[in-house]
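Chains as they are written, first to last, in the working numbering: chain A, 1019 to 1293; chain B, 1019 to 1293; chain C, 1019 to 1293; chain D, 1019 to 1293.
No lab work stands behind these hints: they were computed from the structure.
There may be inaccurate statements among the hints.
What the hints assert, rightly or not - On the chain A side, residues computed to face chain D include the following (Cβ under 10 Å): (1) 1104; (2) 1107; (3) 1195.
Claimed, not checked - Covered stretches of chain A, as calculated for chain D (at least 3 residues, CB under 8 Å): (4) 1196-1203; (5) 1209-1219; (6) 1241-1248.
In this text, all values refer to a predicted model and were calculated from it rather than measured experimentally.
Note that CB positions come from ideal geometry on N, CA and C, so glycine has one too.
4 protein chains.
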Amino acid sequence: MTKPNSNWRRKIHDIIYEADTPAGKFFDVVLLFLILLSVIFVMIESVRGMSAKVYDYLYVGEWIITVFFSVEYVLRIISVRKPFRYIFSFYGIIDLLSTIPLYLSFVLAGSNYLLTVRALRLLRVFRILKITRYLGEANRLKKALSDSRPKILVFLFAVLIIAVIAGTLMYLIEGEENGFTSIPRSIYWCIVTLTTVGFGDIAPATPLGQFLATIIMILGYGIIAVPTGIVSAEYSKAKDYVHVNTQSCPNCNAFRHRDDAKYCYQCGEELNPET
Amino acid sequence: MTKPNSNWRRKIHDIIYEADTPAGKFFDVVLLFLILLSVIFVMIESVRGMSAKVYDYLYVGEWIITVFFSVEYVLRIISVRKPFRYIFSFYGIIDLLSTIPLYLSFVLAGSNYLLTVRALRLLRVFRILKITRYLGEANRLKKALSDSRPKILVFLFAVLIIAVIAGTLMYLIEGEENGFTSIPRSIYWCIVTLTTVGFGDIAPATPLGQFLATIIMILGYGIIAVPTGIVSAEYSKAKDYVHVNTQSCPNCNAFRHRDDAKYCYQCGEELNPET
Amino acid sequence: MTKPNSNWRRKIHDIIYEADTPAGKFFDVVLLFLILLSVIFVMIESVRGMSAKVYDYLYVGEWIITVFFSVEYVLRIISVRKPFRYIFSFYGIIDLLSTIPLYLSFVLAGSNYLLTVRALRLLRVFRILKITRYLGEANRLKKALSDSRPKILVFLFAVLIIAVIAGTLMYLIEGEENGFTSIPRSIYWCIVTLTTVGFGDIAPATPLGQFLATIIMILGYGIIAVPTGIVSAEYSKAKDYVHVNTQSCPNCNAFRHRDDAKYCYQCGEELNPET
Amino acid sequence: MTKPNSNWRRKIHDIIYEADTPAGKFFDVVLLFLILLSVIFVMIESVRGMSAKVYDYLYVGEWIITVFFSVEYVLRIISVRKPFRYIFSFYGIIDLLSTIPLYLSFVLAGSNYLLTVRALRLLRVFRILKITRYLGEANRLKKALSDSRPKILVFLFAVLIIAVIAGTLMYLIEGEENGFTSIPRSIYWCIVTLTTVGFGDIAPATPLGQFLATIIMILGYGIIAVPTGIVSAEYSKAKDYVHVNTQSCPNCNAFRHRDDAKYCYQCGEELNPET
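Please construct the entire structure, taking both the sequences and the accompanying hints into account.
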């Protein structure tokens, strides 16, 4: 491939994949705007009973966005070094799926239902967010959540077992005539109740069922404290790590130095780089 | 403008805008009382099926309050140094809007619907609160919230994206026959579920829909931990920063000095300014 | 009054009002048991469609309890030093009200509805709890709550203002045909939504209303973080006070001594008793 | 009993009761899988309107699992040293109950309803979990909960009393025509409301009832902060206590030593045993 050409490809790559150049930033913003727009279009289209004109406009709008997305998709492929890695990546597949449907709509009708796939493109926003000042918060949030994953898994596991057992009991107590038509359904009800959502599409009618429901509710009411406790603990911990760390000075063992500390605040000894 | 006149205007200004004089305090209390009263009137008036007498009394009461508000509005204008800044300020517009409707009711009927605007005058209560002993708490609350704004924005953003994607899925799964008549509507349902409100005006009917709903609920149940963690972390932080900080004395390493500490509480050494 | 008599009165007083003697403990337990029993009786009686026999038993049981309560009431009066202070105290009035109804039932029918007043006697449980090992927790809980009262008031106040304003808006948007028949009613709906209870007896039907509802829900979802943050902050603070206090040593100003500390942990100086 | 035989029994014991040998691990995993499978079978069977073939397959599957469970049960008995302790233990009874029903189904019809008992076998999962890396978290969770039991009991107690009193009031206010047909039922409603579940199967219709409901909701909204505060406090405490304590070195006043510290990390001075 000729130098200028590869040069031309690098330019595109910088614009599409990088965000530190003005052009890159601009592209990201435009992309973000179009993704949101496309999602809004899909939403509006799903609303019944609008004037035919609206649908025409939407149709045109979707075509414009589809063309843009297609071009973007092609450029992404030709500008990246390892095209296949991108094509078969999560985002690559979503990008493809969000362009195809409209083309398909010529061949088979109703396929523009699939346009709803575009909602998934919103996830790309998280990538674009990377360039914003919210990066820090997002990371901290992610860190707090990922750190507390084992805790949360144990917690979820306990919730599910409670739901299964309580659901089975409710099925036996209330039975089909009160809407608990099957165990899965009454497990669904249990989770609706444990999470304090309480749709009310199913509700216990027998005194015994209502008594059990009461216990489930109070249980759920107390349980909600656990993830909160977990996350807030993790969170404040995560916040601590921002300010101080636990390494100790090789000389005087003073600890809890700022992360950016080069020297011990107590004896001035140089600190070992924290891993 | 003559001195006594400006003197007279300053007096009014002190009464209306300041609150440290007895007259000012009294005025604020009266105003607060009348605002609450006007809101209560508007509420009662919205209740159907009362004796005509009640509505007559309400009508009279609203006129009295309207006159008071009008006079107050005029006084505010003439007593303030920069009238236009007030007129076009948020509170200025609300104050105007809360007087006009009744006058309009002569010209066009049903315009006293607009009286509900007076509810917004309740916001002025926050101003008046400033003079109460709750100021500290209010500020701390505000500080904790404003400090955690970026976190909360990231959080809200994640919630919205989850709602959009899950809502789209529910729309495809449940379809119109189960009440998910459009994507916006099923996004509305998703948020109802994520926030554990669960009206039950729409509820999934298909097993697959109920399964997805279960995931959404547990997600929401876990997610609620995040803002709590954030705010409580911010909150306790806000509380700590009031009292002490983590800098250590260059001389004796004593720590947890008050933020306003100039000298070490232990050895009197001058402290380095905390960054 | 003769010595033995006053002696006899003191004995009763110790039994009824004190709890450190075995007799006192026993009396408290019996009383607690009877209060619970009387409440259960009132509950069962409210359940329709039972065999007449049950109601007969309940009737007898209520008479026995009523007699016991009456005797207790009289004894309380004659055994206490300042009878009128007791008679007109909160508990005194409840004690009276929980005995009268049944006697009244001779005079006027249906007055035994008032028996439900006995539910209030449950509050006495809190007094009796005083003697249990839960005293510490109860106090800590009470302390944490009372300490955070100003915060909670500010918070509640904000919630109410939001509810009033949002309720007024919903009333204007949704109107009567969608169940928002009056402003008070839609304020009620707003609080149902803000608190994430979501009965669903009223639910927004118009897109605009649902959009506003969405905002209210997310607001409520975020707001719930505030009291949690407040209480948990207060709570952990309360817990701290158990371990250490903030008095400083008169000699070396070291602080955060254990509450039970007699001497400074740093210089051995005797500490001033903490008030 | 002969040595080889007891040897053979020990082998089985190790496989069934222990989990540190590969065979033991494998057995646990298989058991876990079968328990889940059996629960899923019971669930599916409870779903109406499937092809007869499915039920046939389920029937076969349940027989296979039942046989396995029976064999396991027998092996557990013969391989354990004190059989009766196991037989009459909680898990022993559940294990028995989860095998019997199918055998009973020959004698009396519909007894395979009792198969739902198998859901309780899920509790065994907690035992098997013991071998996983989640042990730490599970224990910490359990510790945090058990430590805060007294607090939670006091809290639950307060909630119940509030529910009883408020429920009685709602019963008097709303009465039977609005669904509050009895005091127990309106207590049920109160807990549904306090826990912010809000099914909406019962909802206040009178203004006064709605006003009281509002208070209950806000109460519940605030109350939810308490368990959260408790658990998160306990939780972070549990986490802290793992790492460090607040005792200070008698020699150099260094603090935040590990609980297992014998000597000061800073000067090597021997520490006083922390009480």
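Outcome of the hint check:
1. The criterion of a C-beta within 10 Å of any C-beta in chain D is not met by residue 1104 of chain A, whose closest approach is roughly 35 Å, and the hint is violated.
2. Annotation: interface hint on residue 1107 of chain A violated; nearest CB of chain D at approximately 30 Å, more than 10 Å.
3. The interface hint given for residue 1195 of chain A is violated, since its Cβ lies 13 Å from the closest Cβ of chain D, which is over the 10 Å cut-off.
4. With 4 residues carrying a beta carbon less than 8 Å from a beta carbon of chain D, the stretch 1196-1203 of chain A meets the three-residue requirement, and the given coverage holds.
5. Taking a C-beta to C-beta cut-off of 8 Å, the stretch 1209-1219 of chain A contributes 6 residues in contact with chain D, enough for the three needed, and the coverage statement holds.
6. A count of 6 residues in the stretch 1241-1248 of chain A with a Cβ less than 8 Å from any Cβ of chain D is obtained; the coverage claim is therefore met, three being the minimum.
Hint check: violations occur at hints 1, 2 and 3; the rest are consistent with the structure.
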